[in-house]
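Based on the sequences and whatever the hints tell you, model everything.
Protein chains in written order, with the working numbering: chain A, 1 to 405; chain B, 1 to 355; chain C, 1 to 307.
Just so you know, the hints here were simulated from the structure itself, not pulled from any lab data. Bear in mind that the values here come from a model prediction, so they are computed numbers and not experimental data. Don't take each hint at face value.
[Stated by the list, open to error] Covered by chain A, according to a simulated footprint, are these stretches of chain B (three or more residues, beta-carbon under 8 angstroms):
id : region
1  : 25 to 37
2  : 124 to 135
3  : 141 to 153
4  : 269 to 283
5  : 321 to 327
[As the list claims (entries may be wrong)] The calculated label-pair distances, taken between Cβ atoms and stated as ranges, are:
id : chain 1 : residue 1 : chain 2 : residue 2 : range
6  : A       : Ala-377   : B       : Ser-10    : 48 to 58 angstroms
7  : B       : Asp-77    : A       : Leu-350   : 26 to 36 angstroms
8  : C       : Gly-24    : A       : Thr-316   : 28 to 38 angstroms
9  : C       : Ala-28    : A       : Lys-19    : 44 to 54 angstroms
10 : A       : Gly-173   : B       : Ala-323   : 34 to 44 angstroms
11 : B       : Met-1     : C       : Gly-250   : 49 to 59 angstroms
12 : B       : Met-198   : A       : Phe-31    : 36 to 46 angstroms
13 : C       : Gln-166   : A       : Lys-19    : 31 to 41 angstroms
14 : A       : Leu-350   : B       : Thr-239   : 38 to 48 angstroms
15 : A       : Ala-288   : B       : Glu-60    : 41 to 51 angstroms
[To be verified] The calculated lysine-lysine pairs, modelled on DSSO-like cross-linking and capped at a C-alpha distance of 30 angstroms, are:
id : chain 1 : residue 1 : chain 2 : residue 2
16 : C       : Lys-131   : A       : Lys-315
17 : C       : Lys-108   : C       : Lys-131
18 : C       : Lys-131   : B       : Lys-19
19 : A       : Lys-19    : C       : Lys-138
20 : C       : Lys-249   : C       : Lys-277
21 : C       : Lys-138   : B       : Lys-265
22 : C       : Lys-179   : C       : Lys-125
23 : A       : Lys-315   : B       : Lys-9
24 : A       : Lys-19    : B       : Lys-265
25 : B       : Lys-9     : B       : Lys-19
26 : A       : Lys-19    : C       : Lys-131
27 : C       : Lys-125   : B       : Lys-265
28 : C       : Lys-125   : A       : Lys-19
29 : A       : Lys-19    : B       : Lys-19
30 : B       : Lys-265   : A       : Lys-315
31 : A       : Lys-315   : B       : Lys-19
Each residue gets a CB set at the ideal place from its N, CA and C atoms; glycine is no exception.
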Amino acid sequence: MRDILLVARNHVVTAVREKITLFWFLIFPVFLLVVLSLIFGQIGQEGEISFQIALANADQASNAPFSAIIEAAFDEVAELPASGREPLFQLRKPGKGSDVNAFIEAQLTAVRRGRLAALIVLPHGLGEAIQRNLMTRSSTQASLDAPGVEIHFSEGNAASDMSVSIIDQILSGIDREILAQGGAYDRDAAIPQYKAWVGTMSEEAPYVDFLLPGIVIMGFFMNGLFGIPGAILFSRDQLVLRRYWVTPLTVPRFLAGISVGHLVLCVVQFALVYSVGRFALGASVSFANVETALVLLLAAATFMAFGFLIAAVSKTANSGMAIANILNMPMMFLSGLFFPIAGLPFVIRLIVFVNPVSYLADRLRASLDVSVAAYPALVAVLVPAGWVLLSAAIAAWRLRWDVGR
Amino acid sequence: MRAFAALLKSETVIFLRDKAAFFFTFLFPLIFILIFGFVMGDVDEPTARLGFVRASAVAEPALRDILEDSGVDSVRDYDSERAMRDAVLGREIDFGVVWDGNALEFHYSPSRMQENFAFEQMANGITDAFNLEAQNVEPVLPILYVHAGTEASTRWFNQMVPGIIAFSILASGLFAVSGHLTAMKERRTLDRLIVTPMPPVALLAATAVVRLVIVYLSTLITLGISVLVFQLSFSVDWTAYTFLVICSTVGMMGLGTVIALLVRKPSSAGNVANVLAMIMMFLSGIYFPIEFMPRFLRAISLALPLRHLAEAMRFATGVDDMATLRFWIIVGCFLALGLALFPVLARYVVRPQRN
Amino acid sequence: MARETLMRVTDLVKHYGNVRAVDGISFAVADAAVFTLLGPNGAGKTTTLEILEGIREPDDGTIEVFGQRLRRVDRATKERFGVLLQEGNFEPYLRCREVLTLFASFFKNSRSPKEMLERVALTEKANTFVKNLSGGQKQRLAIAAALVNDPELVFLDEPTTGLDPQARRNVWSVVSELKSTGVAIILTTHYMEEAEALSDHVCIMDHGRLIAEGSPRELTAQLGQETIIEFAADGATDEDLAPLSACCKGVRRGSELIAVGTTDLVKTMEALLDWSKTKRNALANMTVRQPNLEDVFLSLTGRRLRE
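What follows is the structure, encoded as structure tokens:
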């Protein structure tokens, strides 16, 4: 027993003493957690993002006031200070007396190059067109010949797409305002709209609640897939394991020691990642229930087993790391951990079906009440457990203290 | 010249045998594209399936039409609110709406945070249209949407491929120095070469050429697969593309030189390079849009070579637009970085390894 | 005091393809003695040892250890062995005492790390990381690890190769001390001085075969020579040397040195002086010494131990 515990202790101690291992197992998951929550946590949060848009009013000579109204509405949105935060839009407009067409050309280039989220052009004749619509109670289709509010944007650019939908909203509001002013629309008779949430969560949880379980799993994944083969294979390459060969220590006992050490590292990593998520980023999801603890344990064991498998089939550290890198991507991305997977070719679905990460991530999220489980509980346990047994058996049978060189 | 030719051969063999290096330079982009292509390639627009519960006995045929026209992919009817909410939880539909004769209530799943923004926009559109319909009014504002960029730039995956290619170029050049040459230094094989009449320049040139050729091949294959398997579209400016690949590989070797000089132990240089490459990968706008990063992250992103390399690659493959001058400045900067550090690298190679 | 035989090897064979690395060797190792396998690189010493240590499978032959026939070296036997491999390392980021604590835990009985460090004079390096040790210090640590379980039979595979003279002497004193405690030691080396200084029994190996066996004194006595005179060859040919064979027991010409063996030193010296005048050989760098194992090997194979 002492030998197993000492192997475990040395595994942990070496991981901490080697700076690069320390980085990958502690610092990197935290880095990822922080960066991703900063990036994706912003979406939909007002006051957090600001879009650069431009507006060119080529209809200033119009008798109808509408183009001016539209322009004023956007001026107002751009000025809205939200207590020290940036306004939703930062609005660019042509300077007084400058050439509007040159401005439009320049801004179009900016949109095309991703420097500007959207360009709104109010073309000559727009005011008249709106006036006509108002008076005849009809709507016209805007086209390149018929004047309409032109929104030039870059489809596929995330910021552009999002700002366009917001601009759309603002224009709808202006539309109703114009109708209301013209007596055609009764604002008081507007149908109210409400928002409700399904599931047990009463309000929209912060993005980090969704992200945190994923990062925890990813951390365990990296420990298992890279940390374990790294430790074993580099030790073997350096002829360290060879010295154990001539002692009574057996391969299964050695692997048992590595397992215990790995679990300790996972616990430390979880504690750090969770603390950062909870105290620095405001995660509210609670891991304090039995099912979650069991899923995490199963996850740590599954990835460790994969690590053993890689170590057992690789001859050198170099090839082992290459295998780990090759497995890394399909296992992480074809699992539903980061992206939903639906409507995929058969081969891909097969990989997802066989991939234990799919079940572990799903089960973890379900146990945290972040989403509903897609797979039945029994399958979610059997597939990873199956991998654990298979890998442990292969490793115990095939792992050599030294390979012929 | 003979030395160069011999080194070329040995460097090729060594590289092909170094499975990790081969993977990152050659296989990584291919595997990545294949996986992402299958998972994400078909999904250009996120799906929006709406569930509809009519809790009022009053028939509102117009509402159904409005729902269908609102931009959702499908509308499914449910008998009860309960059934619809279960369907949302179970991901059979993406969000739901209940019309009780007075108000529209939209139901969302809290776990789909990023996607809910888009659904809410659709919901707003539905309510607006319904309001106008209810008062028998037509919208007066004609609106025209014009896409300003290339057709290729509309597909997110089309944008990603040049970014992945850029990353493999970065890895190739970076690890050539901080990885390969530093390992040679650590293992003293470099010392053994230096005491021969072999000019260090020959070794550096051989290292660069091998990696250049392999990364160029890899990027071509990646582009080919993207087009053949996933029907992506590129319009490659081959001159610009070739100059970019060559100059940025050289520039990234320069970056690798900086790392090798700053890090005390040669064996750590590879690790540091690995870490830097990883960090750059996340902050360069290849996987996540830069526009949504907080200001300080966006500032950091501007300082990363990979960011500019990715944008230049998008330009060279015809996916995104960029000022031509800016493109050539980027290419020039990479080349300058590599060439400026070349004599430094040559000195590093020659300097005996002290322990 | 009759010495117990701890290990007996009979007709051990190991081949790799056509090459017979171990070609049918037999020997016995007694209690409280240093048994040495001496031979040049490639003689099959390490292969033999690795078979006995249990990390290589023999193709033929029997091994008896601690009174039992062994098919394979099992856990119980490993408990009683102490092994220093020719090639091997420790975890670079462990401290010396942590390494010994680890190895101690593999065995049912073991000594404290502190004691072991003292024994190999590494006490002040107890908290030093393995990666910061010198070659000699690493070797001493490896010896400590090999002895941590108080073994009855110790294998030392090339224990001083690559060490500087001071480090080598340190190791020799550890081995002597070990022998005095009654432990049986199997040593391999290609250093003749090491075999002479430490061994009770030497087996000379070449190309997988045992070509001579006995105590160092017995082996050199086999040469039948009492004294060896060596001097610089200075271009002398076999023809030049012909007259010398009348006055001595054996003449060997190497590229650099000529070695003349004799049982009558004075007569041979006189003959040599005469010869040197006739053949104009200056007898430069002359040494007069006792025969050693190198000479034994040379006489048996025509080659030197160290090529």
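Right, here's what the structure says about each hint:
no.	hint	in the structure
1	25 to 37	holds (count 6)
2	124 to 135	holds (count 9)
3	141 to 153	holds (count 10)
4	269 to 283	holds (count 6)
5	321 to 327	holds (count 3)
6	A:Ala-377 <-> B:Ser-10: 48 to 58 angstroms	56 angstroms, holds
7	B:Asp-77 <-> A:Leu-350: 26 to 36 angstroms	34 angstroms, holds
8	C:Gly-24 <-> A:Thr-316: 28 to 38 angstroms	35 angstroms, holds
9	C:Ala-28 <-> A:Lys-19: 44 to 54 angstroms	52 angstroms, holds
10	A:Gly-173 <-> B:Ala-323: 34 to 44 angstroms	36 angstroms, holds
11	B:Met-1 <-> C:Gly-250: 49 to 59 angstroms	57 angstroms, holds
12	B:Met-198 <-> A:Phe-31: 36 to 46 angstroms	42 angstroms, holds
13	C:Gln-166 <-> A:Lys-19: 31 to 41 angstroms	34 angstroms, holds
14	A:Leu-350 <-> B:Thr-239: 38 to 48 angstroms	43 angstroms, holds
15	A:Ala-288 <-> B:Glu-60: 41 to 51 angstroms	47 angstroms, holds
16	C:Lys-131 <-> A:Lys-315	24 angstroms, holds
17	C:Lys-108 <-> C:Lys-131	28 angstroms, holds
18	C:Lys-131 <-> B:Lys-19	27 angstroms, holds
19	A:Lys-19 <-> C:Lys-138	23 angstroms, holds
20	C:Lys-249 <-> C:Lys-277	21 angstroms, holds
21	C:Lys-138 <-> B:Lys-265	21 angstroms, holds
22	C:Lys-179 <-> C:Lys-125	25 angstroms, holds
23	A:Lys-315 <-> B:Lys-9	25 angstroms, holds
24	A:Lys-19 <-> B:Lys-265	12 angstroms, holds
25	B:Lys-9 <-> B:Lys-19	17 angstroms, holds
26	A:Lys-19 <-> C:Lys-131	14 angstroms, holds
27	C:Lys-125 <-> B:Lys-265	23 angstroms, holds
28	C:Lys-125 <-> A:Lys-19	22 angstroms, holds
29	A:Lys-19 <-> B:Lys-19	24 angstroms, holds
30	B:Lys-265 <-> A:Lys-315	26 angstroms, holds
31	A:Lys-315 <-> B:Lys-19	12 angstroms, holds
Every hint from the earlier list agrees with this structure, and none is contradicted.
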